[in-house]
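Hey, can you piece these two chains together into the complex? The hints should help.
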Amino acid sequence: MNYNFAFFDEGSKREIRRATLKAVAIPGYQVPFASREMPIARGWGTGGIQLTLSLIGRKDILKVIDQGADESVNAVNIKKLIQNTTGVKITENTQEATIIQSRHRIPEVKLADGQILVLQVPIPEPLREVEPSEYKTKRLHAENEYSGVWLMLFEQIMKYRDMSTGADHPVIVNERYVMAPSPIPRFDNNKMKYSESLILLGAGREKKIYAVPPYTEVKSLCFEDYPFKSENFEGKSCKICGSSHVYLDEFIDENTDEKYYQCNDTSYCLMKMNNK
Amino acid sequence: MNKQFGNGCKICNSAKNILENNFCPECGTIYACQDVSFDLYKGEILGVVGESGSGKSTMMECLYFDKKVASGEAYISTYKKGETNIFSQSSQQMRFIKNNVLGKVYQSPLQGLRMNLSSIGNVAEKLIAAGHRNVGQMEERGNQLLENVNIPLFRRKEAPKNFSGGMQQKVQIAKALSNNPPILLLDEVTTGLDLSVQANVLDLIKQIQRELGTSMIVVSHDLGVIRMLADRTIVMLNGKIIERGLTDQILEDPQSAYTQQLVYSLL
Chain S
1 MNYNFAFFDE GSKREIRRAT LKAVAIPGYQ VPFASREMPI ARGWGTGGIQ LTLSLIGRKD
61 ILKVIDQGAD ESVNAVNIKK LIQNTTGVKI TENTQEATII QSRHRIPEVK LADGQILVLQ
121 VPIPEPLREV EPSEYKTKRL HAENEYSGVW LMLFEQIMKY RDMSTGADHP VIVNERYVMA
181 PSPIPRFDNN KMKYSESLIL LGAGREKKIY AVPPYTEVKS LCFEDYPFKS ENFEGKSCKI
241 CGSSHVYLDE FIDENTDEKY YQCNDTSYCL MKMNNK
Chain B
1 MNKQFGNGCK ICNSAKNILE NNFCPECGTI YACQDVSFDL YKGEILGVVG ESGSGKSTMM
61 ECLYFDKKVA SGEAYISTYK KGETNIFSQS SQQMRFIKNN VLGKVYQSPL QGLRMNLSSI
121 GNVAEKLIAA GHRNVGQMEE RGNQLLENVN IPLFRRKEAP KNFSGGMQQK VQIAKALSNN
181 PPILLLDEVT TGLDLSVQAN VLDLIKQIQR ELGTSMIVVS HDLGVIRMLA DRTIVMLNGK
241 IIERGLTDQI LEDPQSAYTQ QLVYSLL
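Residue numbers (my numbering), protein chains in the order written: chain S, 1 to 276; chain B, 1 to 267.
For reference, chain B alone in the conformation it holds in the complex (with noise of 0.2 Å):
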């Protein structure tokens, strides 16, 4: 998958090598995303790290449609028996998956969640959109999912706009999952929250993921996140995936100067 901003020139089109970081000096383009390639299997957890502006938001955008691809492929198994290619769907088709077999959570509940509607308004906008048009049904959904991550019921019906940073970040997944989507894309979910919400939270989503075996792709520069939720990792620099592999080996036994760096930082 390959993601710019800006139509390129001659030279960096010919050679990326001149990038200073991921930017042309000559045109200004911007090479969020280069060759990032990778693999998601049932059930499992993908971390990506990285620090700011190494291209891992602007992936999880592209990858929820929120923003168009410069070239590549992505295949979802369970979407037309994963033959094809996801990015050059009609737009009509591409509503479709993000309705039925995606769910995104941002890091900005502002971005996610319609703040003046009712919590179980924002649960059951999923639900319409994948076709559900039966309002008890998808009340009995929605109080179940607001249920399931701790939002009391008596304010379900009250909007998310009047609810604390945790509790939208909650809201926000329970409408991520409202459909029982394969598969959830979480950027940045716990960011921003005080640590027993942040601890709160990834209970919920290791319990997700061993409850519904939905697969994962966890965006986090927060390494305790990622080692705590992530089956295996990506590290992220420039627009580049420069690291892959198993989360402990990642962070016992980082390889490129990059991430030996982002480790030791931590400890």
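Bound-form chain S, shown alone (with noise of 0.2 Å):
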């Protein structure tokens, strides 16, 4: 098969880095840009890879994650595709790495500048869950009106007593644009707060394409007297590498039916093993 480097023609790569610049030029605002046809299905990281695809050069060190996961289906397949068609060195280093695209996670090494960050988002939209008319929604951005959100977790505090947002807490970027982190949970949220290296979220399915540049203010949404808690993993620890102060998935033992907990980022585990 013979395709053009980076799969795209130029002229598509072209257009999705205009929108990417405008996005950089206007933290946390969604540009509409034109999804391109992908091999694989909208929904399914087309965001992502349209991002990746059209800012890859030759030099490039790639690292793909799915939910923390190197080895999973989703990023195997995406670095598969993105090695065929432009060649680049693949790793699962995420230091040595220029861009990584990630699926719901935020590396546990703190990213540095020059790196770039594109994470896939399902819904871009913060308001969606309010108001189902992309029309209305704009303007709402335009007008600055987002109390729709606030009264959501306004809503979720009367029911449960507390903010229930288990990922993609909505937060305000460089204190205008409210946006979608993307289904990060919350214990990322503040790894976006003056974050080093840029950061990208394409949403291919929802045509958007919006970003975090380096070094702006992130703030996540709550009230006075309800603040902003991330996930708590006090006292808790990676069954194998030990590391506490990350995020932990739960599992339980099938044997002992006992509850242990490993690291979400499996790469981080790794080099926390092999600097044993």
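By construction, these hints were calculated from the structure, which means they are not laboratory data. Hints may be right or wrong, so weigh each one.
Across the chosen pairs, the derived CB separations fall in these ranges [claimed, not checked]:
#1 S:Lys193 with B:Gly192: 43 to 53 Å
#2 B:Ile242 with S:Ala34: 34 to 44 Å
#3 S:Arg128 with B:Thr78: 28 to 38 Å
#4 S:Glu217 with B:Ser90: 18 to 28 Å
SDA-like cross-link-like pairs, simulated, lysine to any residue; straight-line CA separation at most 20 Å [claimed, not checked]:
#5 S:Lys207 with S:Lys89
#6 S:Lys136 with B:Asn162
#7 B:Lys68 with S:Glu145
#8 B:Lys81 with B:Asp39
#9 B:Lys67 with S:Ile26
#10 B:Lys98 with S:Ile26
#11 S:Lys138 with B:Ser91
#12 S:Lys136 with B:Lys81
Predicted, not measured: the structure shown is a model, and the values here were computed from it. Every residue, glycine too, gets a C-beta built ideally from N, C-alpha and C.
Pasting the structure below:
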């Protein structure tokens, strides 16, 4: 098969880059773009792949993770597609990578200046739950009218006595746009704040690109008397590498029925083990 | 204030006297409000009566920015010292006015409430929109308002869709009042409610006016409601104000033929 470098024709890549530039210029604003047909179905990371393909150069080193894992089917297939059409080096080492495409996690290793994090987004519109019409949500963003999102959180507090967002807890970027951080756990929200690396978010099905430029204020929405809380792993640690202060997955040992925890970020866990 | 639906044509733009009622037979443009102009004083209730299609609700929608006016001016003494025409403000400013200076109760609770959220959430929406970010305070204020309108506290977390029409209307009133707006717009609030609930709601409105000094515009085609609430009244027909004055004066001694007909059909 003979594909152009990075699968897309140059015109497509340029269009996506233009949308990306606009997104970087207006932090948190969702820029519409002409989402391309891909060899995988929309809703399976096409937003992220398109961003990655439009950005990638021959010298880039790529890492792809799917909910913390480098080896899940989705991550492997995305890596294959990109490597087959570009020939770039693939890595699992977070520090080594120049572009990191991720589904629903930000790596545990702190990202540095010069790295780009690409997040896949299913629903880019934080107001969608309260307002189904795109026409209206666009106006609400323009008018800085976010009572809908606040109301959603207020209702959760009324019902459950606390905010009950599991992932995708809405944030305010640069004190202007309310943004869906993609379904990352609340644990990762704070990593967006003044991040040294550029964070790009792409929604292929919804045809939107948005961004958090480096060193940008990202505030998770919360009330005065109900502060934002990330998941609490106090007193728990990874069974394999012993790390605490990381995002942990809970497992049940099938033989003993006991609970145990393991790093969600597999490459981080591996790195810790290798360093021991 | 003017409001038209349609672009108008040469004929109806030049001479309004060819209109059939408020409708141009040539191009089909509807002139819903034509040169409607009035004052509303502090603490006063202004009644608006007129038949269906006379432009009452359109006027209210324009005042609450639900619809854009074709042309016109409105000033609110508490907003930028009353020197700025609120119809010429940016949409952000209009939202600010809507959230801070005005309150509206719609004829149909479907328009004014989010039926699937809790009642207290509905009241809080307006507070949130006005910039409140403290759950405890908002909850307290919501409870207080819902209590004022006689919604039992144990039902405050229930969604309005489970409520009767009268209760929904009361939740709407509580919501409209949440920021103590100086101006309240009431569009046919009691229409469709049974008499005892009507009396209840009217009582509440009177009480609000007395205690908070809120100015109100009350639209109704029920003259009984107008007689009870309004200090002054305007009568609308085909998008124009055809008569205005003290409520008693209009009900006892109507001048125009239409008002006479309206008043006599009541008696």
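Check your understanding: Is the hinted pair Lys138 (chain S) and Ser91 (chain B) satisfied, with a Cα-Cα distance of at most 20 Å?
Key -> holds (13 Å)
Review point. Does the structure keep Lys81 (chain B) and Asp39 (chain B) at a Cα separation of 20 Å or less?
Key: Measuring from Cα to Cα gives roughly 16 Å; hence the hint holds.
Point to revise | Ser90 (chain B) and Glu217 (chain S) - C-beta distance against the hinted 18 to 28 Å | key: Taking Cβ atoms as reference, Glu217 (chain S) and Ser90 (chain B) lie about 25 Å apart, which means the hint holds.
Exercise for review: Could you tell me whether the CB distance from Arg128 (chain S) to Thr78 (chain B) stays inside 28 to 38 Å?
Suggested key: Check passed, 35 Å falls within 28 to 38 Å.
Check your understanding: Given a hinted range of 43 to 53 Å, is it respected by the beta-carbon distance of Lys193 (chain S) and Gly192 (chain B)?
Key -> For Gly192 (chain B) against Lys193 (chain S), whose Cβ atoms are near 51 Å apart, the range 43 to 53 Å holds.
Point to revise | Lys136 (chain S) paired with Asn162 (chain B) [C-alpha distance capped at 20 Å] | key: violated (27 Å)
Check your understanding: Is Lys207 (chain S) within 20 Å of Lys89 (chain S), Cα to Cα?
Key -> Given that 20 Å is the threshold and the Cα spacing comes to 28 Å, the pair is violated.
Exercise for review: Given the hint that Lys67 (chain B) pairs with Ile26 (chain S), test it: the Cα-Cα distance must not exceed 20 Å.
Suggested key: violated (30 Å)
Review point. Do the alpha carbons of Lys98 (chain B) and Ile26 (chain S) lie within 20 Å of each other, as the hint requires?
Key: violated (28 Å)
Check your understanding: Hey, Lys68 (chain B) versus Glu145 (chain S), does the alpha-carbon distance stay inside 20 Å?
Key -> Holds, because 19 Å separates the two Cα atoms, which is no more than 20 Å.
Practice item. May I ask you to test the hint 34 to 44 Å on the CB atoms belonging to Ile242 (chain B) and Ala34 (chain S)? Key: Check failed, 56 Å falls outside 34 to 44 Å.
Check your understanding: Given the hint that Lys136 (chain S) pairs with Lys81 (chain B), does the C-alpha gap stay at or below 20 Å?
Key -> violated (31 Å)
In summary, the structure is inconsistent with hints 2, 5, 6, 9, 10 and 12 from the numbered list given earlier, while agreeing with the others.
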